[in-house]
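Chemist: Here are the chains, one letter per residue:
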Amino acid sequence: MSAKYLAQGDLSAWLGALAQGRRVLVPVRENGAVVFRPYGPGTKPVLTRQADSPPKESVFPSTERLMEFSYSKDAENLGKVALDIKETVNAPATVVFGGRPCDARGFTVFDRVYDTKTIRDPYYAERRASTLFVTLACDTPETTCFCNSVGSSPVDADGSDVLLTPVDGGWLVEAVSERGKALLDAPALKDATAAAQDQAKAAKEAAEAAMPPAWDAAPAAAKLLEKFDDMGFWDDVSAKCISCGACTYLCPTCYCFTVTDERSGMKGERIRTWDTCMSFQFTLEASGHNPRPTKAHRLKNRVGHKFSYYPDIHKGPIACCGCGRCIKLCPVSVDIREIVRLAMELPTATAGKP
Amino acid sequence: MKIGVFICHCGSNIAGTVDVAKVAEMAKSLPEVAFASDTMYACSEPGQEGIINAIKEKGLDGAVVASCTPRMHGPTFMRTVARAGLNPYMFEMANIREHVSWIGKDKEANTAKALDLVRMAVAKLARNKPLFAKSFAINKRVLVLGGGVAGIQAALDCADGGLEVVLVEKTTTIGGKMAKLDKTFPTVDCSCCILGPKMVDVAQHPNITLYASAEVDEINGYVGNFQVKVRKKPTYVDWKLCTGCGACLEKCPSKKSPDLFNEFVGTTTAINIPFPQAIPKKASIDAGSCIKFKTGKCGVCAKVCPVKAINYEMEPEIVTEEVGAVIAATGYDLMDWTVYEQYGGGRYKDVITSLQYERLLSASGPTGGHIKRPSDGKEPKTVVFIQCVGSRDKSVGRPYCSGFCCMYTAKQAILTKDHIPDSESYVFYMDIRAPGKMYDEFTRRAMEEYGAKYVRGRVSMVYPSGGRYVVRGVDTLAGTQVEVEADLVVLAVGAEGAAGAAHLAEKLRISYDSYGFYMESHPKLKPVETNTAGVYVAGCVQGPKDIPTSVAQGSAAAAKVLALFSKDQLQSDPQVSSVDLKRCVGCMKCAMTCPFGAIKEQEVRGEIKAQVIETMCQGCGLCTATCPQGAIQLQHFTDNQILAEINTLLESELEETQG
Amino acid sequence: MTTLRYAYYPGCSGLGTSKEYDMSTRAVCEALGMELIDIPDWNCCGSSPAHTVDDRLAGALSARNLVQAGDIEGVDAIITPCPSCLANLKTSRHRLQKPEFRAEVNKLLERPVHGDILPVKSVLQVIVEDVGMEELRYRVRNPLKDMSIAPYYGCIMNRPPKIMEFDSQENPMALDNILEALGATVAPFNLKVECCGASFGVARRDIVERLSGKLLNLAAENKAQAMVTACPLCQMNLDARQNQINVANSTNHVMPIFYFTQLIGLALGFSQSQMGLEKLVVSPRELLAGAAG
Amino acid sequence: MSKELRIIGFLCNWCSYGGADTAGVGRFTQPTDLRIVRLPCSGRIDPLFVLKTLTGGADGVLVSGCHPRDCHYSEGNFYARRRLEMVKRFLPVIGIDPGRFEYTWVSASEGQRWQTVVRGFTEQVHALGPIQRFGKDAAAMAAQLAASHA
Amino acid sequence: MPILDELKAAIAKRLPELDVVIGWGKGFDALHHTPVFITSEADLDKLVLGPLSVQNLATYLTRYPKTKKIGVVVKGCDSRSVVQLLQEKLINRENVVVFGFPCEGVVDLEKVKRAFEDQGMEAARVSEASFQGDRCTLTSGGKAGSLPMADLWADKCNRCQYHDAVISDEFVGQRLERKAEDAYADVAAFEAKPLAERQAFWQEQMSRCIRCYACRNACPLCVCRDQCIAQTREPNWVSQRTGVEEKFMFQMIHASHLAGRCTECGECERACPVGIPILLLKRKNNKEILELFDYRAGIDPEAKPPLLAFKVEEEKINERGW
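Protein chains in written order, with my numbering: chain G, 1 to 354; chain Z, 1 to 659; chain X, 1 to 293; chain P, 1 to 150; chain W, 1 to 322.
Since the hints were made in silico from the structure, they are not lab data.
Do not take every clue at face value.
25 Å max Cα-Cα, derived SDA-like pairs, lysine to any residue [said to hold, decoys possible]: (1) Lys-162/X to Arg-392/Z; (2) Lys-89/W to Arg-392/Z; (3) Lys-267/G to Lys-129/Z; (4) Lys-2/Z to Glu-68/G; (5) Lys-223/X to Gly-467/Z; (6) Lys-349/Z to Gly-115/X; (7) Lys-600/Z to Leu-90/W; (8) Lys-2/Z to Asn-236/W; (9) Lys-58/Z to Ser-72/G; (10) Lys-256/Z to Gln-204/Z; (11) Lys-267/G to Asn-236/W; (12) Lys-80/G to Lys-129/Z; (13) Lys-223/X to Glu-341/Z.
This structure is a prediction, so every number in the text was calculated from the model and none was measured.
Given the sequences, and given the hints that come with them, work out the whole structure.
Modeler: Here it is in structure tokens:
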């Protein structure tokens with residue numbers, strides 16, 4: 001199928017059509033923050049800038065019920081209790097609209113963990129299968145953007161199903177995946193003119209050119225391992241970290257979770273919730289021992305995992321999409337770019353340690 | 001966990017308005033409940049046996065009894081589960097009688113509420129842990145604070161029972177208020193004559209250490225192991241040397257010193273022995289009036305002292321005593337009656353307090369037992385007694401009856417007639433309160449034999465006129481105003497806690513009321529105990545009372561101490577706070593608020609952590625409510641136990657809304 | 001010294017029987033740096049007739065004065081020399097703090113009461129508290145030497161204490177202190193707050209003769225040469241009825257009864273006529289001549 | 001009175017729990033809504049218990065302890081007084097009517113007073129009706145408000 | 001001498017006795033400063049100071065062992081946190097050197113973002129920014145724009161009563177001696193809304209919360225941190241679910257634990273990556289603390305936090321009234 005064109009005036013018509021029988025998540029403004037919310041009539045998507053929270057919840061909810069359980073008693077012998085378990089998977093058909101290339105690409109990092117030949121997480125896999133990404137290509141980078149240094153680009157279609165590129169009066173709409181093609185069959189979309197296609201091509205090139213110079217983060221894998229025991233280095237780079245979880249929870253590639261049973265009375269549920277390696281509890285052992293007792297240990301893990309251990313396990317790809325949220329939204333501006341560059345012994349731009 | 005639930009009928013007390021069987025049936029479906037039944041009287045012998053059998057047969061590891069208040073039978077059932085082999089703390093009670101069946105007749109609502117209370121108890125019990133009391137050694141010495149008749153009695157009884165006693169008295173002699181009294185009611189026998197021998201016994205008893213002219217600075221520790229710092233105030237006379245010969249008194253040129261013992265009626269010498277029977281009979285210098293202290297000159301007493309006991313350089317001395325129990329018997333003081341401006345507010349010399357009048361009556365008093373008006377030394381012919389000055393009077397913040405004033409006023413009216421046969425006495429009273437053996441008969445005698453004129457009514461004002469005092473009041477029985485011209489007016493001033501009582505109570509960590517009287521543990525059943533283990537009260541420190549009652553309390557407190565010390569070891573209540581060292585961040589906010597000083601800092605691997613001194617912890621849980629990270633938890637009332645009760649209630653609400 | 005400004009409520013007796021009290025008050029206050037601004041179009045405080053009949057009526061009568069006083073700018077208090085007016089104004093103000101009572105009273109008023117009401121004080125109170133004894137002592141030109149005077153406060157100046165909020169209700173000292181500041185000798189007098197018989201003078205003269213007689217007797221017994229009061233009614237009973245009292249009790253009192261403002265005025269240097277002394281029934285001329293000589 | 005509401009009481013063992021017992025012994029009839037949690041002292045009450053209970057769906061919370069100066073532990077209720085007053089004043093900002101929470105002092109001898117307290121508080125809570133819960137109720141309310149503003 | 005130079009000189013003077021001095025340095029773009037940790041004189045070049053020095057550096061003091069000697073640069077508001085930490089004996093006075101300066105205020109980056117957005121500019125794409133006098137000039141995407149500073153100051157600065165550090169060992173520059181009024185009008189305005197609207201407000205705001213605990217960890221007085229009651233099961237106050245009920249419960253915990261201690265530095269709200277106005281809850285408590293106990297936290301190192309103290313007769317609590 002050839003590319004389509006979406007006029008700005010037809011945006012809500014298409015969104016309305018997409019929302020038929022589906023949940024469509026769009027970036028909207030709430031008290032200064034831009035977050036993904038279900039689309040409804042009158043919803044005004046914010047497409048001028050990157051959303052503050054990525055659309056991670058669409059596939060990987062912050063709380064997910066894995067199963068329900070209940071106890072029942074033997075009427076003859078009250079002390080004898082039977083357990084009844086019901087697995088629950090909730091995978092509503094969803095379109096994530098208006099995310100950026102980095103947002104969609106984040107899930108490719110998840111896929112290598114949760115949906116492989118050997119291990120398939122049914123909760124994740126089913127949600128992933130029921131969710132499509134209509135991604136908006138970037139034009140101008142924000143000061144925290146560095147996708148081009150982690151093997152991506154502002155117009156990267158990896159992980160998306162449909163890619164929108166801004167052109168005069170609207171967007172060029174291109175299907176990326178087979179599933180994406182189906183979405184293009186909509187009255188709101190017109191066939192794209194050649195001029196529009198040319199404009200889009202130029203816009204993509206311009207967007208790539210607008211990025212700050214790329215530096216190849218791949219060599220960081222080895223360098224970070226070298227620094228594994230250099231706690232002086234990690235103490236220094238983590239000095240200003242306050243150990244909150246903003247960076248990881250807002251990261252499109254962070255996929256860690258914890259599992260808890262929440263019980264009340266004779267029934268309960270097992271839930272999976274987001275967890276963050278920046279938290280003391282993440283590695284706290286029942287004995288009270290904690291292999292990552294300080295924020296330096298924990299920051300080392302975050303950086304190390306993304307730029308070294310993950311690429312090592314998965315043969316190459318970096319577990320960072322370069323979206324820059326961890327920098328932009330960090331209360332104290334811890335800058336992962338700087339840490340990686342310091343580890344690689346490259347010059348750094350800002351004044352202090354990251 | 002396997003929990004057994006036992007729902008008590010309490011005859012018809014509970015079963016009358018709660019469907020007991022239904023509660024038991026529904027309890028069977030509660031989590032962790034492995035057995036539930038109803039029982040006629042859970043506390044009865046068969047009831048308790050039923051609980052024990054169920055625990056043993058069903059292999060239960062906890063029991064909930066839903067019956068009356070835990071304040072009543074909590075300990076009973078704890079012993080029951082202990083007899084069944086469980087830890088007594090693996091037990092909870094649901095109060096479905098006082099809090100359910102007795103306060104409403106709606107059986108349906110009551111049944112639902114009873115089930116909720118059972119549900120809460122089960123939820124809490126599921127989080128109970130076995131707790132174990134610890135034993136600790138006790139120091140079998142006792143501290144008695146206050147050397148009035150109650151303190152003397154307590155000290156002598158303890159000492160006779162073989163205990164070592166430390167008696168601390170604030171003034172320079174023991175004897176207290178009783179020593180100041182002339183006679184006692186209703187027998188009209190000489191106060192000092194009956195108290196004197198007891199005072200001598202104190203001085204001579206080998207088991208009693210007496211610190212007169214001393215006060216308690218600090219008390220630390222807990223039952224069985226108190227450390228007490230006693231401050232010996234300087235008397236400027238070395239009491240080891242002083243023989244009490246009195247030579248210094250005779251020669252002392254400073255004869256205008258305020259006479260504390262005589263309630264400031266008249267004056268005395270700056271170096272002084274308060275009264276002839278004083279114990280210890282030792283001189284002491286009132287530095288405030290002594291010429292030597294004021295001007296640096298004089299030194300007469302030092303010159304005349306045959307044993308060279310005078311030491312103007314004497315400093316306060318702190319002595320530390322270790323004891324296992326404390327009896328507070330610090331007595332009372334008269335309230336500040338000068339708030340009564342209508343009685344002259346202290347400006348009229350011949351308007352005096354009853355205690356001052358006692359000194360005027362006493363042969364050892366400043367007038368040698370002759371009643372003389374302070375203003376001009378004349379013998380009064382008309383004496384007016386005003387009762388309830390600072391008692392039963394809300395307008396001056398003294399709503400209570402001081403109890404003994406009616407009786408001593410009658411006594412004083414009688415003695416007035418004895419001393420001055422041609423005198424007339426008037427007594428303005430509100431009600432005569434004379435419950436006691438021979439008491440009412442005594443007041444009748446004052447009226448009938450001694451002709452005291454009792455006028456039922458308050459006095460509105462007293463004012464001087466022509467060298468006498470016009471006492472204007474109302475006679476509520478006659479319904480008229482009355483005015484009496486009196487030569488002397490005696491005020492029956494109400495009692496309040498002794499000066500400094502509140503301060504001492506805080507050191508002892510016991511509560512006191514707004515009048516400075518100490519709170520007993522139970523107004524009826526624990527009259528001499530306090531809420532701090534090992535601290536007892538005797539006499540007027542707990543509230544106004546007469547001599548026989550004070551003596552009885554002194555003996556009662558002594559009996560309590562002797563019983564406490566009959567064991568070699570005490571058991572500590574295991575419902576104390578406990579610190580999760582891993583989670584404590586050492587902010588020590590718990591220690592800042594602990595009312596008992598039971599939390600101290602400790603260092604664990606270089607980090608500051610809180611530590612609970614279990615024997616000092618009283619189990620209030622203030623620290624748990626204070627600790628932001630919940631690292632210090634009061635055992636048996638942990639956050640999780642309370643949250644379980646709350647959540648259980650909210651869950652049942654939830655089910656209702658869903659259903 | 002900054003000027004003290006007050007809304008002034010003269011009260012009805014200030015226009016009649018106690019004109020000299022009003023006169024001397026105005027003169028003395030001015031001399032002490034106090035500015036009095038009469039409440040515009042003031043009316044009866046409610047006094048005895050209204051409050052014995054209907055407390056809302058009494059409240060409304062006083063409330064109107066309180067509202068009128070609110071029009072005066074730059075004052076912090078309403079003052080009045082008369083204890084009876086004071087009691088009525090203060091009681092009304094006290095009750096008006098209750099919204100229900102205020103609503104009832106407002107039904108009767110053309111201009112309802114809104115928001116805060118100015119505090120009400122006696123002239124005596126502001127002289128003691130705002131001017132102060134030190135200032136008074138400093139301003140005395142002619143000390144009242146060799147005069148022994150009994151301070152008589154009357155029964156309502158300080159009662160009920162919760163409403164009047166000034167001095168002790170049993171043993172007030174304000175007049176004592178003023179006399180002392182003026183250089184006079186304070187005669188011992190322990191019936192400071194006794195009743196003079198008040199308005200029984202009209203209906204049951206015997207009561208006034210008995211009660212006021214007792215006051216005069218005690219003052220005389222304690223060698224007082226005069227009495228001082230702060231109340232027009234007390235003054236009238238003791239002064240105008242002194243002869244009746246003497247006749248009824250077979251006594252011979254010649255006891256001048258001053259208003260305290262008159263004594264302050266004399267000490268500050270005002271003339272006898274400026275203080276309206278000629279209006280007193282028992283003439284103080286002899287006493288003052290003796291003291292001066 | 002209308003259908004029972006969920007009222008949770010936190011009572012100190014020494015005074016108010018005893019007071020409630022005394023009320024029972026005296027057969028002082030009370031509404032049945034209240035469920036009592038027994039604690040050693042009002043000082044044991046973490047203000048968070050109150051907040052947790054109210055945001056968790058209780059319609060009312062009642063705390064009662066020993067009268068000030070009468071605390072079994074001397075000082076517990078003094079601290080409680082400050083903390084509970086603060087929590088009461090905090091409620092309006094989170095959208096909970098402060099009338100849903102009261103704290104008071106009832107001694108072990110004040111059975112009659114306990115009855116008055118329970119009756120008064122129950123009535124007060126009934127006047128306010130069932131509480132809006134955070135979560136579902138409030139989300140519906142938020143949506144409703146958003147719709148009315150749009 | 002400009003204040004920054006004075007500050008550098010003051011730090012240089014004290015540096016030999018200190019393990020580290022915490023100040024601000026340039027951040028990742030023209031609109032950000034970031035904490036810097038100065039251990040040598042060479043590091044002093046990194047130091048900057050100005051309306052972007054938003055972080056409250058006092059939050060780091062309790063992250064070091066009490067025995068370390070630490071210097072910290074503080075704004076007026078930050079200094080109150082230091083006082084509060086001293087008051088609670090969470091830091092050792094002798095081991096902390098406080099560098100104060102007259103603080104004119106800091107900008108609210110959220111306001112900057114919105115105000116420039118109205119001019120069609122993205123603060124996130126800033127290339128240059130300057131704060132001169134009473135105007136802020138920004139260049140972004142090739143466009144330049146300018147706004148009055150009056151529109152950009154953080155709310156806390158507009159109501160600031162402590163521009164000059166309330167405690168300092170070294171104070172550089174002239175004290176401003178300025179004091180604004182703060183009658184807690186924002187709290188009153190919020191509470192004037194209908195009850196249901198207030199609850200719905202929190203419901204909506206908290207639905208955005210990602211439970212990252214940036215609010216808690218940025219707070220200089222939240223010293224439990226790793227041991228926070230919200231993240232344990234012993235005790236188990238908050239379940240692991242991420243519903244609004246649970247997330248709001250944490251905010252109530254935070255507000256309760258700060259009652260009488262919060263110095264209103266506003267870091268909780270500033271740190272929130274999703275813009276939840278949680279300072280309001282703390283200001284509400286502070287308003288009541290002020291009314292009840294006439295007390296402001298972080299002013300007097302010798303005072304006792306009012307909720308860790310009591311009076312036998314409380315003047316302003318009429319608990320018997322009910």
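Chemist: Of the hints stated earlier, which fail here?
Modeler: Hint check: 2, 6 and 10 fail, others pass.
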